[in-house]
Every structure is written in C-alpha cells, then in structure tokens.
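Engineer: Protein chains in written order, with my numbering: chain A, 270 to 583; chain B, 270 to 583.
FYI, nobody ran anything at the bench for these hints, they're computed from the structure.
Keep in mind it's a predicted model, so treat the numbers as computed, not measured.
There could be a bad hint or two in this list.
Since copy identity is lost for identical chains, a pair holds within one copy or between any two.
Restricting the straight-line Cα-Cα distance to at most 25 Å, the calculated cross-link-like pairs of lysine to any residue (SDA-like) are [stated by the list, open to error]: (1) 510 / 447; (2) 464 / 476; (3) 464 / 437; (4) 550 / 441.
There are 2 protein chains.
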Amino acid sequence: MIAVGIDVGGTSIKGATINEKGEILDRFSMPTDKSLPPEKIIGELCDLVNQTLSEHHYDDKVVGIGIGIPGTFNKETGVIVNLPNIPSWNDFNLKTFMEERCHLYVKLVNDADAAALAEAKFGVAKEFNYVLMITLGTGVGGGIVINKNLYNGNLGMGAELGHMVIELDGKECGCGRHGCFEAYASATALIRDTKEAMAKAPNSLMNEVANELGQIDARVPFIAEERGDLTAKEVINNYVKYLSEGLLNYCNIFRPNVIVLSGGVANEGENLLSRVRSYMKAHHYGMENAPEVEIKQASLGYDAGKIGAAALYL
Amino acid sequence: MIAVGIDVGGTSIKGATINEKGEILDRFSMPTDKSLPPEKIIGELCDLVNQTLSEHHYDDKVVGIGIGIPGTFNKETGVIVNLPNIPSWNDFNLKTFMEERCHLYVKLVNDADAAALAEAKFGVAKEFNYVLMITLGTGVGGGIVINKNLYNGNLGMGAELGHMVIELDGKECGCGRHGCFEAYASATALIRDTKEAMAKAPNSLMNEVANELGQIDARVPFIAEERGDLTAKEVINNYVKYLSEGLLNYCNIFRPNVIVLSGGVANEGENLLSRVRSYMKAHHYGMENAPEVEIKQASLGYDAGKIGAAALYL
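Using the sequences and the accompanying hints, generate a full structural model.
Structural biologist: Have a look at this one:
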C-alpha cells in the first residue's frame, strides 16, 4: 500500500510517495508560483504526481493523495477557505480538481495536524494512544491525535492550541485576545522578550551573540546563557515557566501520554526539554496524582507534513 | 434493550432501569452506610438490582450495569482508587464483585463524565457531535463527548477541565496550582468573591439578601442585582468575564458545537447564560472567523448521572 503525501508551502510544493511503514519512497517538488491561477499550478502538480506514479509502476497499490494545507478549508467539499500565503487559491475546489486529474481520492488536512499525525503514527509518539503536538514557531499551533486519528472538531476547524489564555488581560495576541499561550510560548514571543531584556541590559552577552549571528533569533538567549550570561538565563527561565504552565494545562485537559514539541524553539532539544520536564515534575504534572506525561522533541523534521498527509490513508 | 444506571453518592445510592431512548423505567435507591464494609453495602446494592430486574421480568433485555463514581478508579480492572466521600471502598474491586453477583457486565464511569454523556446522547446536546459539559459546583468539572463517545485520556483519568490556569500566579486552587479556571468559575469562587464584596460594601443589598436566605450562597449576588445593587452587578460581571474567558479557551481548543453548563451556578439559567453568550460573541468566540458555539443549560438534572451511566451501553 502506497499513499501520496503533499506539503503545500508559500515557496515550494513538496511531495512524496510513502509506504505503510511511513517510509518515503520517491520525492518530488516544484516552486509555488503565486502569480499563476490555481488551475494552472495545481494542474502542473497533478502532472507531477501522475508522472511520479507511472514512472515507478505503482499502479493499483496507490490508495490516495493527502495534501497538507497551511490554512483553512472546508473538509467536506474540499474548497480552500483561507490560504494567507497563496491567496489566489482561495475558493478553489482543490479536492475535486485533483481527484479528476489524478483519478485518486484526495483528502485535505491542516499542515500542523498532518505533522502531528505523522509523529503519532510513525514518529516519536508511535507507541502512544493520546498524543498532543505543539509547534513553537512564529505562532503556537498543534494537533491532537487520539488512537491514531486526528481530532477534527466542528467544521473540521481543528484545535487551536495556541489560543488558550493563560494570563487574563495579558500580552496582546495576534488573534485579538489578550494573554494567549502563543503570546508567551512562540518563538516570536521569546524573541520579543530577548530584545526587551537586551535593551534593559546593554552589557548582556546576548548583544554579542546577536552580533555574531547577524540577527536576534530564538537561539540568542540559549547561546548567551551557555557563556554564563545571567540576563539570558532569566529570559529562558521565564519562557520555560510560561511554556510549562501551558503544557500543564494540556496535561489536565487531555491527559495525554505524550506531548511532542516541534518548531524553531524545540530545536534547542534536551537543553529546553529537560527544563520543561523539571518544571512540570515540580508542579506535579498539574495536579497531585496526575499521571506523568512524556515530553519529546519531534523526530520527522521537514518530512512530517508529507508523511502525515499520506498517513490519512495508511 | 435496557441498561441499569447507578449513581453513587455520599448520602445515597440511586439507580434506575433505562431504555434505549434514555427514558427511566423504574427507580431504586438505598442509603450509603459508610460504616459498612464494601462487600456488605455493595452486596445489598446487588440484591436491590437483581430484585428490580426480576420483578419487572426484563430477563435478557438487560445489557449491563453502568455505575457512576464520584472519584477515581482503574478503568481496566474496576478497582476503586480514591473515593473521598466513601473511603472504605478504596481498593475494592467493584466491577468484579458486581459482575459475579448480578451476572451482568459492569462498567465504571466518573460521575461528571456520566452526566456529560447523558446530555450528549439524550439531553440538550443530543443533536451535536462535539460536546463539552462544564459543571459549575463546589469545583469545576466536566466531560468531553466526541461523536457520542466519552473522551477518556491516559489511564481513563478523564479530562480535568477545571484545572486550566487562566491567570498565571493567580488565586490558589485546591489542586495546588495558582490561577485555575476552578478558582474563578466555581460556585465556591463566586461565594468567596461575594463575601469579599459584602465585607467591603456593608451597605450592599447582598447583606440583606444573605440575611433572608440565612446563608451566603451563589444566589446572593443575582438576587441583589435584580433589586438594583451595583456591587452585586460588579461581582457578577467579574464572574462572567472569568467564566467566559475559560469557555473561549475551550472553544479554541476543542471547537465544540455546544458547551453545556450544569451545577449550582448554572441554575441561574438564561440570566447567566445570556451574559456569557454576549461576552463570548463580543470576543469573537475566541478568534476572528471562529465558528459560533452554542451555550446551553443542562436539561437532565439529578437523573443525568444515572442515565449517563446506563448510556455506556445504549
């Protein structure tokens, strides 16, 4: 059994054929030319899929195409609702168009959900039934996988795990609310806090590190702290507190077996994860007698989106 | 098809036979004598069940017994872990004992979960697939029902929806954390805030109302506000804000179709619910373009626990 997994991005569209073990067999990719009408660019994508499948003589082993979308869509009809990075696709019926051109079933999935499903079926969380994935990037996103099935919610609008208020009337969030988890635990929030701390402490080594990197990104406080900078340590401790409190909320709400962290900040790996675990342990995983929850780093990297989209069939 | 639903309480144990429409056919009850060893009192309960079933000649129409427990248990083995109100039952294998005495399958369920399942299958939420129930009582509890199935979580420990921090480093919660939803949205929290406001404003009509009722309970601010008391209005507005912000979190996290409110404070009915709806609407159900969520009052009252326990089979 083979499925096609496609990951739509603002710069390129990447795809792969994937077997029932979640292994990638062949890869394909093409640039995302946003100036083209959707019929044209998705037509090219369909040609690329058809060509890949016929070249390798997969024939009737192929069960369907999953396509990860960085935006919202109508799950039933397959019409794109809002794709902020490729607005020309809005209102286009991606599902019907591709099904007609490729003669295969097509399913759409949110890209963050696809990554969660990939980790839950084939990645670091494959041994667990209750899996939460939290992405610490520009924003905070995530997905919920229960017994290897994605949780969809009303209208398939998925779980918006970044938009839980953890500090009432707190920092303004992009969503319009104040004090959301995202406003404290995203890479964007960490960079904001780093900049604020650097401005207040011009002697902090974070300034030196930022100069070396040529920019202020989420790595700055971690590198500066390693060199013994106390201001950086404070920035990180504060970040760990907010991140962990949000994760403790999710431990209570879902009682997951595992929370998988992905995205820019999660690339700090054990250096970050071990602190989060300590904080959560010291706070009894949210409640006395609460079951322990494993905190793991995502393992599938950039392939997670493709594998997860294919995993809708596998 | 008929199932037996039992609701274990600290004062009495109540049960009923219930048909596939969720209708109660016969009721039975007995006092909870906490001084008796579990073999004795649960033995009596089994006799009562057997007697009820044989009196009515239900014979092989009965498919099982569901029993709602106000505490924690091991879902697989059926052993009681912690029953704060009836500690003598701790470590007792309720499931095996009852199955042997009644010759029927027995399933244990948390009592708040049972109530949620009852509303989702037979009550006010029966037309919806994604149902959240939140109980505003001494604490804040709840249950999640997805496509008519209870969400269980790791070890069947359920969802602890009251223990989500909404104000970091906020008011101390019974669970050990600070700033939990429960610490602001429970009846206990509303009574605490009412008492604080009464102490600060001795001329508030709330003092008069409390005298009339002979106690300070969650009704005090609502009655005083109706008589034009501005301090009471402030207490209620503050309560509505915290309650609504917590519910908005759950709108984002789960994208439910409906949130059902139950418990003491929910008895205020539309007077409370209409304010919550207004607050949530004004805050875009948590995010711009978020789907609207219905807010309803629970409809099954004290029968919800029995019906929900039976509903595990129906």
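Engineer: Against each hint, give a clear statement of whether it holds in the structure.
Structural biologist: Cross-check of the supplied hints:
Taking the shortest Cα distances, residue 510 and residue 447 sit within 25 Å of each other both inside one copy (18 Å) and across copies (13 Å). For the identical chains of this complex, residue 464 and residue 476 are intra-copy neighbours only, at 9 Å inside a copy versus 51 Å across copies, given an alpha-carbon limit of 25 Å. Proximity of residue 464 to residue 437 under the C-alpha cut-off of 25 Å is found in both arrangements, the shortest distances being 23 Å within a copy and 23 Å between copies. Taking the shortest alpha-carbon separations for residue 550 and residue 441, only the inter-copy value of 19 Å comes in at or below 25 Å, while the best intra-copy value is 29 Å.
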